[in-house]
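K.L.:
Position 22, counted from 1, in the sequence shown is what numbering that gives the first Met the number 0 calls 21; the numbers after and before it change by one each time, with no gaps.
The set of hints was computed from the structure by calculation and includes no laboratory data.
For glycine and all other residues, C-beta sits at the position ideal for the given N, C-alpha and C.
Be aware that one or more of the hints could be misleading.
For each label pair, taking beta carbons as the anchor points, the in silico distance ranges come out as [unchecked claim]: (1) Pro135 / Val57: 22 to 28 Å; (2) Leu218 / Asn63: 18 to 24 Å; (3) Val189 / Leu112: 36 to 42 Å; (4) Asn63 / Pro138: 18 to 24 Å; (5) Ala102 / Val143: 35 to 41 Å; (6) Arg86 / Leu211: 34 to 40 Å; (7) Leu49 / Trp188: 16 to 22 Å; (8) Ile172 / Gly111: 18 to 24 Å.
With a cut-off of at most 27 Å between alpha-carbon atoms, the simulated DSSO-like pairs for lysine-lysine come out as follows [unchecked claim]: (9) Lys61 / Lys37; (10) Lys107 / Lys43; (11) Lys100 / Lys43; (12) Lys61 / Lys107; (13) Lys43 / Lys97; (14) Lys103 / Lys43; (15) Lys107 / Lys97; (16) Lys37 / Lys100; (17) Lys103 / Lys37; (18) Lys97 / Lys37.
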Amino acid sequence: MERIGFKPFGRGSGIPNDAAAREPSDNKPYPNGIRDMKTGYIVKHVAGSLLFFGILFVSAGKLNYWQGLVYVAIGMVMVLLNYTLLRIDQALLEERSKPGKDAKSWDKTILGLTLLSTLTMYVVAGLDSGRYLWSPAFPPAAYVAGGLLTAIGQLLFLIAQKQNRFFSSTVRIQRDRGHTVCDTGLYRWVRHPAYMGSLLQTIGFPLLFGSLWSLIPALFSI
0 MERIGFKPFG RGSGIPNDAA AREPSDNKPY PNGIRDMKTG YIVKHVAGSL LFFGILFVSA
60 GKLNYWQGLV YVAIGMVMVL LNYTLLRIDQ ALLEERSKPG KDAKSWDKTI LGLTLLSTLT
120 MYVVAGLDSG RYLWSPAFPP AAYVAGGLLT AIGQLLFLIA QKQNRFFSST VRIQRDRGHT
180 VCDTGLYRWV RHPAYMGSLL QTIGFPLLFG SLWSLIPALF SI
């Protein structure tokens, strides 16, 4: 039930055998309806990523923006992993594409505010480190740490999404899908690994871009 925005299922998954049997397998081909949904989900995901990247470079006012290029490279690697090695199964794809109607209204409000904070963070970072250079230069180690935190955070999110078949895009109890708590994989050690991943990449973002001012919207997006 983690929305953010990143479980191999064995005996420890907490999923009853009959519920697990009803879940489609990753190895089965997508039915036509699911395949269409998959295409729409991918297009929406990639288009959203490109929009955020575009906002970043427009704010920076240039294309030879090395922080932006590094960030895009990390993002493209994660998009590739998301639809290959770490792709989700059919049932979760359907849930994330069109969550049930019982999603919490307050969660939608939080999602909207988080989106606004994230957009502001991109704009401020681009204006600061790419155009006006409001912040002082960071030491090289800070940029490296920022890149690593960003990559690790995004990877943790994707792994958590892969390992939890109830990883909905909104907060809701998925009774229609036999919702149970996952306690395998990353979830054996961290209750909300996707939140941890998002926290790490949010901390890494201002470091990678060398932007003190982007810390302000970054704090609001946590």
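K.L.:
Look at each hint and say if it fits the structure.
P.N.:
Verification of the hints:
| no. | hint | verdict |
| --- | --- | --- |
| 1 | Pro135 / Val57: 22 to 28 Å | 24 Å, holds |
| 2 | Leu218 / Asn63: 18 to 24 Å | 29 Å, violated |
| 3 | Val189 / Leu112: 36 to 42 Å | 24 Å, violated |
| 4 | Asn63 / Pro138: 18 to 24 Å | 22 Å, holds |
| 5 | Ala102 / Val143: 35 to 41 Å | 39 Å, holds |
| 6 | Arg86 / Leu211: 34 to 40 Å | 37 Å, holds |
| 7 | Leu49 / Trp188: 16 to 22 Å | 34 Å, violated |
| 8 | Ile172 / Gly111: 18 to 24 Å | 22 Å, holds |
| 9 | Lys61 / Lys37 | 34 Å, violated |
| 10 | Lys107 / Lys43 | 18 Å, holds |
| 11 | Lys100 / Lys43 | 20 Å, holds |
| 12 | Lys61 / Lys107 | 34 Å, violated |
| 13 | Lys43 / Lys97 | 12 Å, holds |
| 14 | Lys103 / Lys43 | 22 Å, holds |
| 15 | Lys107 / Lys97 | 14 Å, holds |
| 16 | Lys37 / Lys100 | 20 Å, holds |
| 17 | Lys103 / Lys37 | 24 Å, holds |
| 18 | Lys97 / Lys37 | 11 Å, holds |
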